[in-house]
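As a plain string of letters, each chain reads:
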Amino acid sequence: MPDKIDFSKMERLTPRADSWAKVCARLDAEAAPANTIHIKSWYSAIPIAASLALVSLTAILPAITDNVDVPEAPSTETISINSSAPSEVLSWYSSLGNSASDEFETLEETVGFSYLIKE
Amino acid sequence: MDEKVILQHLMDGSREALSLLWQAHSANVLNLAYRMMKDRDEAEDILMDVFVQVPKAVQGFRGQSALNTWLYRLTVNACLMKLRAQKRHRELEEEKLDTIVEEALGKVDVREENFDAELLEKALAQLPAETRSMLWLKDAEDLDVKGLSEIYKMPEGTIKARLSRARNFVRNYLKGRKEGA
Chain S
1 MPDKIDFSKM ERLTPRADSW AKVCARLDAE AAPANTIHIK SWYSAIPIAA SLALVSLTAI
61 LPAITDNVDV PEAPSTETIS INSSAPSEVL SWYSSLGNSA SDEFETLEET VGFSYLIKE
Chain X
1 MDEKVILQHL MDGSREALSL LWQAHSANVL NLAYRMMKDR DEAEDILMDV FVQVPKAVQG
61 FRGQSALNTW LYRLTVNACL MKLRAQKRHR ELEEEKLDTI VEEALGKVDV REENFDAELL
121 EKALAQLPAE TRSMLWLKDA EDLDVKGLSE IYKMPEGTIK ARLSRARNFV RNYLKGRKEG
181 A
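Chains as they are written, first to last, in this note's numbering: chain S, 1 to 119; chain X, 1 to 181.
Treat the hints with care, since some could be wrong.
Below, in silico cross-link-like pairs of lysine-lysine (DSS-like), each with a Cα-Cα straight-line distance of 30 angstroms or less [to be verified]:
no.: 1; chain 1: X; residue 1: K38; chain 2: X; residue 2: K122
no.: 2; chain 1: S; residue 1: K4; chain 2: X; residue 2: K56
no.: 3; chain 1: X; residue 1: K38; chain 2: X; residue 2: K4
no.: 4; chain 1: S; residue 1: K22; chain 2: X; residue 2: K146
no.: 5; chain 1: X; residue 1: K153; chain 2: X; residue 2: K178
no.: 6; chain 1: X; residue 1: K178; chain 2: X; residue 2: K146
no.: 7; chain 1: X; residue 1: K160; chain 2: S; residue 2: K4
no.: 8; chain 1: X; residue 1: K178; chain 2: S; residue 2: K9
no.: 9; chain 1: X; residue 1: K4; chain 2: S; residue 2: K22
no.: 10; chain 1: X; residue 1: K175; chain 2: X; residue 2: K38
no.: 11; chain 1: S; residue 1: K4; chain 2: X; residue 2: K175
no.: 12; chain 1: X; residue 1: K122; chain 2: S; residue 2: K4
It is worth saying that the hints were derived from the structure and are not from the lab. As the structure is a computational prediction, the values presented were derived from the model and not from experiment.
Generate coordinates for the entire structure from the input sequences, incorporating the hints supplied.
In structure tokens:
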């Protein structure tokens, strides 16, 4: 084209030697934050998951415990002191509240203690 | 390697394909950026910015234009963004320049091809960055008007008119300086 401007005498640049390495470094650096964000998302997911698990357990646990059969477990209401306590304890227990004395009737220490240990 | 193959590998995120693209086009991108920015360091920054954004930008590239045309478009956009951000874009707006040049010069027909490089640099510096880069791509990089139309998103007629005015401006600038010397 005759109308063209002649740029042939003008300086023509070439990229600096380290420019490509810098491009690669920037691309690597851009890739790295993506992993960090991924881990961070796990950080936020952990408390949410823990909260959900807690709520679920709270809802489910009573239903599970209701279904568990414990045939051998003695009911506290059926335990009678007559079946396990020694005679000294029984006599003290039966006399409680029957005395005319205002003094507080105490079980002899050693008897009570041995009973508790036995239990 | 064929351009389409390079493009496919680029879309797959291949660093080797990007390296090939760098070898083939980095100098052209750098020179275009230098014409627009008028600063070597900034041109290098633009070059690196362009190639860093290539792996992502290529995902939206449909392959309708040549790879170099697409790269030039990325470069021109990056330069314009930087110029605007730096608020250094104090050059005359295109329309104002067109009017001034037409009024001052009228229709000129100068056929003077042996320009002094330094003087030519000064003449180019008078042009707006976009027009300067357009003229560079057309006359130094031999891009056709169709390619320029894709890069600058302007009708081919507008590109031709701008190129013509820019050439006239440069020639008259040089002529004026030589006569004044």
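Hints, verified against the model:
1. X/K38 - X/K122: This hinted pair holds, its Cα atoms lying about 10 angstroms apart.
2. S/K4 - X/K56: 36 angstroms, violated
3. X/K38 - X/K4: 33 angstroms, violated
4. S/K22 - X/K146: Measuring from Cα to Cα gives roughly 33 angstroms; hence the hint is violated.
5. X/K153 - X/K178: Given pair X/K153, X/K178 is violated - Cα atoms ~36 angstroms apart, limit 30 angstroms.
6. X/K178 - X/K146: Violated. X/K178 to X/K146 sits at ~34 angstroms, over the 30 angstroms cutoff.
7. X/K160 - S/K4: 12 angstroms, holds
8. X/K178 - S/K9: Judged against 30 angstroms, a Cα distance of about 17 angstroms means the pair holds.
9. X/K4 - S/K22: Status holds; Cα separation ~26 angstroms.
10. X/K175 - X/K38: 22 angstroms, holds
11. S/K4 - X/K175: Roughly 16 angstroms separates the two Cα atoms, so the pair holds.
12. X/K122 - S/K4: With Cα atoms ~17 angstroms apart, X/K122 and S/K4 stay inside 30 angstroms; holds.
The structure fails to meet hints 2, 3, 4, 5, 6 from the earlier list, while all remaining hints are met.
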